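**Student:** So the chains spell out like this:
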Amino acid sequence: MQYAILCYNDEDVVWSWSKEEDAAVMARLSVVQERLVKAGKLGPSLRLLPTTAATTLRKSQGEPLVIDGPFAETKEQLLGFFIVDVASLDEALGIARELAAAKTGSTYEIRPIALYFPDQRKSAAE
Amino acid sequence: MTDAGWIEAALTAARPRATGALLRYFRDLDTAEEAFQEACLRALRTWPLNGPPRDPTAWLVLVGRNAALDAARRRERQDPLPPDEAISDLEDVEAPLADRLDESHYRDDILRLLFICCHPDLPATQQIALALRIVSGLSVAQIARAFLVSEAAMEQRITRAKARVAKADVPFEAPGAVERAERLAVVAAMIYLVFNEGYSAGNDPARAQLCDEAIRLARLLLRLFPTEPEIMGLAALMLLQHARSPARFDDAGDIVLLEEQDRSLWNGRMIAEALALVDKAVRHQQPGPYQIQAAIAAAHARAKRSQDTDWEQIASLYAALERMQPSPVITLNRAVAVSKVHGPEAALALIEPLSQRLSGYFYYFGVKGALLMQLGRNDAARVAFDRAIALADTPAQATHIRRHLDQLSSRATQQ
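Chains as they are written, first to last, in the numbering used here: chain A, 1 to 126; chain B, 1 to 415.
If you're looking for bench data, these hints aren't it; they were derived computationally from the structure.
Keep in mind the model is a prediction, meaning the values are calculated, not measured.
Be a bit skeptical, because a hint or two may be false.
[As the list claims (entries may be wrong)] Computed list of lysine-lysine pairs in BS3-like fashion (alpha-carbon distance at most 30 Å, straight line):
1) A:K122 / A:K19
2) A:K19 / B:K340
3) B:K304 / B:K340
4) A:K122 / B:K304
5) A:K38 / A:K59
6) A:K41 / A:K59
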């Protein structure tokens, strides 16, 4: 069963991490990631840049509106995600717990995947 | 789980909003700062035990406000307020306050806080020091290191700046649109000063921290004013310049020119963020100096190799900047771009009229020498380079020019 683990946090806080703190978090995360890779459970994962660099296109009646910034003004922002292939929700929760231990102060939404298309850039080039 | 690193980052992140809100409440910078400090101390005590509050900023504002009122009452020998342990969750006691602390309030609070630091009576260095202390929360020791002065001297400088600001008349009502735009422009200039203070320092890590701090402040402003293209431009400009930091100096500490830098050392994450911001800003069709400078830096960042640089675009961007902010230094920069497109002769013609106004400017003679050297006018080039060395501010600048002179000498021996 495939889940997306969506990571949320207050990006003001995340981007206030010192370089050392950031590096320490990334190092702890990579331990979790490596274990998942070895177990063949980790799909694509990524970290997003701050929402100040985001643009939102919102479809309304008529022409879609283009707005500066993120879709929703929330206390916590979507910072990135991991796609995991697991046997059960419990296992996905276990992974989220490990991620949370590596990176405190976050919220993790564990969301089952309906459709999955892997990276298609290579096949376009061929 | 609430570890120390997280709490520290949360307090740093909350500082501008919380101090800004406390300033609006107390209308006194010292009281606001002390209230925030006290709230931080209490956060360090209670958060590890109770877990972080749902809204750390609102918690800090409320606890800080209560602490300051409590202290004032104690001075007046009245009953103290209830302990802040009783204030466990926002939704109970704090809901009305949290409502008042919505983003639009914070926006003007933070802008006011930054604007106070930009008081026109304060010299630039004091503006920067004050902002770093009050808004960023850097310690006096950190700021002193960045400015290469003693801690005592910096303490004194900040105290003096605060005293001057305290006497200033700062309007506390919400600013109108025009006033807000004016404040924003002043604050943007101050943030860029913070950045340049760090950037011009070269590879000193204590000062390079100022670059990170300036970028953080620009992101904060952009969060509050998400549709301001000049703030996008400012953030992008600083990100693009800072992205090159790892390549700007060689192992000996000498300057590596943009064209000779190892581009694989550039910070791709910062460049990606900046390019997105430049594109976002362009959509607004309100060009300004920060946006144009960011567009120039972006043109360099987009070139995979230096020979791929779109100099024609850069030359026309400098021409646009020159129209907006006429300055001999901008003309000099345009001349460099023009030399790449139309050759050294055209560039020399552009900079000749600047000789009077830039007669004390290192880069003028560096550029002039390089152009003359390209034309094979070696003697004239040597004169320009000698002048440049005499005007160099840093050993790295002088070393760089000396390398050109060595090239000239070896040319002379070959002939």
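**Student:** Now look at each hint and say whether the structure bears it out.
**Tutor:** So, going through the hints one by one against the coordinates:
Note on K122 of chain A and K19 of chain A: the hinted pairing is violated, with a Cα-Cα distance of about 34 Å set against a maximum of 30 Å. The suggested pairing of K19 of chain A with K340 of chain B is violated, with an alpha-carbon distance near 38 Å, which exceeds 30 Å. Restraint check for K304 of chain B and K340 of chain B: satisfied, since their Cα atoms lie roughly 17 Å apart, inside the 30 Å limit. About 21 Å separates the Cα atoms of K122 of chain A and K304 of chain B, which keeps this hinted pair within 30 Å; it holds.
Of the pairs offered as hints, the one joining K38 of chain A and K59 of chain A is violated, with about 42 Å between alpha carbons and a cut-off of 30 Å exceeded. Taking the CA atoms of K41 of chain A and K59 of chain A, the gap is near 36 Å; set against the 30 Å cutoff, the hint is violated.
Violated hints, in rising order: 1, 2, 5, 6; the structure is consistent with all others.
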